[in-house]
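Asks: Listed below, chain by chain, are the residues.
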Amino acid sequence: MALQKNTFIKDKLILGIKEYMNELSIAALIVLITCISPLLSSVFLAGDNLLNLLRQTSYTAIAAMGMYFVILIGGIDLSIGATIQVVGMVSIMMLTSGYSTVTTIVCVVLIGLVIGLVNGVLVTFGKLQPFVVTLVTKSIMDGIVLVTTDGASISGKVPESFVKIGTEYIGIFPVPVVITMIVFGITFILMSRTTYGRRLFVTGSNKVASYNSGTNVRLIQISAYILCALLATISGVLTVARIGAFQPSTTHGGATGMELNAIAAAVIGGASLSGGKGSVIGALFGALLYGVLSNLFPLIGVNSYLQQLIQGVIIIVAVIAAGRNSSSSKIKLRKSNGGSHEYST
Amino acid sequence: MKRIVALLILLTLAFTMAACGQTSNISQTPAAPADTPSAAPAANEGTETAAEKNTFKIGFSQCVMNHPFRIAMVDSFKEAAKAYDDVEIVVVEGDGNVQTEITNIESLIQQGCDAIIVSSLSGTAIYPAYKQVQDAGIPLIIAASGNAKEDEDAYNYYDTFVSTDEVEMGIAAADYANYLLNGEGNVVMIRGVVESTNSINRYVGWNQQIVNYPGIKVIAEQSAEWLRLKANEVMTNILQANKEIDLVYAENDEMALGALMAIQDAGRENEIKIISMDGQEDAAMEVKAGGPFKLTITNNSDTKEALAAAYKLAKGEKVDKRIVLPYEKVTSENVDEYLANNF
Amino acid sequence: MKKFELSKLLSIIMLVVLILLGSQLSDSFLSVRNFSNIIQYSVETALISIGMALVLIIGGIDLSVGSVLAFSTVVSAKLALAGVNTAVILIVTIVIGFTVGAINGLLITKTKVEAFMATLGTMMVMRACTFLFTGGGPLTGSIKTSFQQIIKGKFLNVQYGIFYVIIMFVLAGIILSRTRFGRHVYAVGGGEETAKLFGVQVDKVKIAVYIISGILAALAGMIIAARIGIGEPRSGYGYEMIAITVCVVGGVSMTGGKGTVTGTFIGLMVISIIKNLMNLMNIDTNAQPIVNGIIILIVALIISREMLGKRKSLVKQI
Amino acid sequence: MNTVLELKGISKIFAGTPVLDNIDLAFKSGELHALVGENGAGKSTLIKIISGVYHQEAGKVYLNGKEVHFATPNSAQKAGISTLFQEIQEIPEMTVAENVFLGREPRYKNSPIVDTKQLKSEAEKLVKRLGLNIDVSTKMRELPVSSRKMVEIARAMNHQASVVIMDEPTANLNAEEMAALFRMIDELKKNRTTIIYISHRMNEVFSLADRVTVLRDGKLIATLNNDQYDEKSLIALMIGRELTDLYPEREHSIKEVVLEVKNLSLGEHFKNVSFDVHKGEVLGLAGLDASGANAVTKTIFGLCGKPEGKVFLNGAELDIVNPSTSIKQGMAFLTEDRKTQGLFLNQNMVNNFTISALAKVFSNRAFMKKKKERLESNKMVDKLQIKTAGLHTRLSELSGGNQQKVMLGRWMLDRYKVLIMEEPTRGVDVGAKSEIYYHINKLAEAGLAVIMYSTEMPELLGMCDRILVFSGGELKAALSKEEATQESIMQHALVR
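Protein chains in written order, with this note's numbering: chain A, 1 to 345; chain B, 1 to 343; chain C, 1 to 318; chain D, 1 to 496.
Just so you know, these hints were derived from the structure itself, not from any lab.
Since the model is a prediction, treat every value here as computed from it, not as a measurement.
Among the hints, a few may not be true.
One-sided excerpt, in silico: chain A residues whose CB lies under 8 Å from chain D [as the list claims (entries may be wrong)]: (1) G171; (2) F173; (3) K207; (4) V208; (5) Y211; (6) N216; (7) G276.
Idealized CB from N, CA, C, for every residue including glycine.
Can you build the whole structure from these sequences, using the hints too?
Replies: Okay, here's the thing in structure tokens:
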């Protein structure tokens, strides 16, 4: 008998722990930082600050969860910062010219959909590297924003209902935080409970095998880019709703840096750029870790360049740690044509 | 497990670095020697009793620290604070990213500042932070944020606005161009990062005024993102494309200097004049040298006024809603004096 | 050479078309002076792109080049301002590039970190170091020494920059196509484990390639310091993306194993000419990213079609 | 005969489990020494230690009496040990000549510059010696599989090694190429080169080996001269028990036609192919490289786009679009290369099992039935006797035979009408082979129509009710079980 019946429950447990090892360790780290934070700053744990922290984190967290889908299938999306810009611009332009909040949101969601579709189609049917495709779409969207606004900010009368999305609270939680939790809930269920999630996951692991076992790989791939762009859209709406005005920023820094933050968060959370690894929780926790540190550093008075330096080091160390954790004891040999063979003898 | 250990090591490292940074680079300099070194917790406890306190905590949020002007602001702020024996200052620096700025300002609020000075280039995007400061009941002073006019939203958030008027600077540049060209000529405009507030303001001012001089034509307008190297290359290409150029207007000195190099390389320094802004030392030197570089308009980086306003506001006194700092036109006439006074 | 390779010809055709188009669009385009300008200003991009091409051929990526460039710019400017001898500056620059490259290489080979993440980390760290080094703004004071001659100097009335570009490409071409190291670079990108089994010292080749990339980026930084005469810490933002674009347009595959120095040169010319033309024609600054993006997309699509066409296979490509 | 290479007390441990346990073995000069054993017996590990890929935990290796320690494959090669690995080792983007000389490129004296002329001419000479007709400037990826394998053989020969290790060298070769390989082996033996030969194909071992060493579970069981064993005794040594019959009997009850292929054509690959497959039948497809046999299986499953002609499934026309639509209509497909085309190596067993039946069996609308998934997967592990630590095990941690069983299990979780198999037992040891055959029979008995494409002749002969032989893109013969022999198949396969 290869497997005993009583191992069934144990197996389920191991399955769970193994699947979420990365996430658990990041969560532990966040808790740890929170616990030692009073030693560094008395302000960090104050109620207001924690809520602020969560709000600050929510924009990145939503984008990181979107990025997770693209990274999962072995792609990358460098255009989300530009997507956030376009979404913000269109929202404010529509709202200030009298469209209602609902109409505006429907419109920008459609725009997000189209952006994702374009990325996905170019990658899938254009047979182009995702890196190149999304770099190009980013460049084009940056241009569109600059041409439309002439670089100037847009402000004006924005309906109260829209601003509330960014500023109000539900219970004690700011709306963006609640929306982050909802997005997380939906994506979590999508990934863990639906066949679509399973197909995404295995497609990232081996595209050809997934195709051969009956997955519509092209559709899955395109859908991942659409999901990513949609979540970027949500992040964009939340950002702009908080501000109630739009400020273009196409050079480094600003929303343009969002793609790298999102990638870093997803990877710190255990995703691998070669695909087929990681989880939504990981992306969320990765973003949270990032948020905790970028909140804590100014409180304890770390110089801004030193902050950047530390962030860089964190990325490297986190990725090294994630790699160590997942590489099993087996030595794998990659075969020349893409497959791999273990030491089978 | 390994992962946790690794991250722990890293974190220790990070905080050690942070601690090191605190001693050298950081800006939490209690002006009053009597103050305890662990300023943050002490201040926090003390917020409730601000009125009875004999020191005031004034926060300064600088948006970015990659430009001489921005650094000069912070330096002058620290310098000015020394004149007060009951002021403690906290400086936070952003990395040019509005999210970081907002986080920083929130941290100033959390640390219980009695007045907050914000210097931002993020236009309207920073307004939520302004609102938070206002909501927290802390006086807000805007310094050198380059807002064109008191626009409605921001006006409600801040207590006073201390800055040069960059639109005026643009107008002055256009006037001087007209003077140099005698009302007629081809102008090349080199712009900074087009979406940055000061580029927009200088651009607005220039355009507003230049329509009054119909003889002056802008024949090329390209961005060089505030950078000397980019300006050098862009200008080289523009020189290639245009045989008749009379004047180059660059939105900052760095770009003007890059353009100057290109003009010298092309051997056209006798036909082209240059005007720009910022009043950097090397630009002033060029003006003094008497070459094509004719004018640089200084932006005022002195935060003495802002600090004074903040101090008054913290004490509960009233100040003017808008304090306009003077700008200075540096030309061959006053360049010696300028250099002697400032460098 | 051996067989008729359309893809090679294709990029040359694209270049020719672009030049013809340019001559129609702008009168000042087709002149010796303008082309010397184009090449003169592509020295830094050329250096970084050659390094990036090598890195892409081994199947990696190096996002840290822009930051390495910035760091070496401020360091060499500081040294030049202090009146240090140019040779010493050169050595220091090479040491900087070597160190960062070696760190990248070691991270990627020894700790098995994905190249993207490892170099993203060093990118942030080096950028931070650059600002910490200058304290934020550019180093004050202008360099007015012989140091500037490294780029301003002329030989036979031709600026050094043009020689640098020619020498670098010829050298890289020889190394990549004619030396054992060059073959091993292709082998590592084409099939790492196979190369290992065949006796190629994969890790050493990888580390060497990242070091080369680092050194070239650092040299580019030194040239910038000489060119503009100051230490500007904001130098090099986005250069990694420009270099990757140059390589991709030149037919270097991001999946490794494919790409040539000739291709990289053509890619560089295409990108530089587009930039030059947009300035010459005074195209609205705001619209430039759009034009740029669309041209790159078209070129990339053509190249990818061409590569697909060559792959004959029974099974339909997904 | 003197000893060239000697292993003393070699042990190797992976993840706490010993894979090799105290192996003593001596290889003599000029002999062909076969290593046999089931997958997991330690053969590949042993040769990887000899060739410097792995390092032993204990024990010593002596080459010509001197102790050696190879840090890298490179140092082993320099010492005269050349290895031909099981998987084709190549750089697809490089030319044949460059591949042959990779790592040892000829150079101009005292310079790092490669002598490309010499490189090319030497490669040409070598390729000629092997009787190959290929241009050495072609890129590897442009060659058919068998030629690529031959190039690799050329590379191994090129080292003028004193020891040549061959791991499954004939796996991708056609008959002519095999003959060329055997000629090369003879030549090498004449030059007193030692050959260490690993193969699952017993007939090769019998005809080529001077001595045979049997490994089982990491232990050395026996080393025998070629007159000391027969097939049965050797297999018994390998699996540790008597194997009654490799190809178990199946109840023959051929019923109605399930799949009807009518005048199917696909470009240059095959023309006008027509045949039927019956319920409960195992139909074999045989043919050399590019004969069309393999293209037919792939085409029917929808991997090659829309072909000309028609295919009927239970009387209704089969809509050939892509694998997804084929699976929906009741087709199942076991791919030939499990690692690149079939399995998700970094995923657990559940994900690998249930993927094809997700829509029909394991979901309610779009939602997964996770409990059912685990339950059924567990049942499948028991049914197929897969050796694993549990369902959480990543596929990369399983042996080849167990991986193959997982792939087979994937198509047993739902009711399919036709199962197409390509090389169902490639790289699988004898024990697992017989188990897989057993399950194929069970499936056929349960009413599945099975189409089997294989290059392993004994397998086709042992398993199939009928064998279709292809050549030059045409269906040349349909042989019944009685008519089919190795000779009759080859006769039709070689017709030009």
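Asks: Against this structure, judge whether each hint is valid.
Replies: Right, here's what the structure says about each hint:
1. G171: 29 Å, violated
2. F173: 28 Å, violated
3. K207: Result: violated, 10 Å to nearest chain D Cβ.
4. V208: 5 Å, holds
5. Y211: 6 Å, holds
6. N216: OK, holds: A/N216 within 8 Å of chain D, min 5 Å.
7. G276: For A/G276, the interface hint holds, since the closest Cβ of chain D sits about 6 Å away, which is under 8 Å.
Hint violations for this structure: numbers 1, 2 and 3, all remaining hints satisfied.
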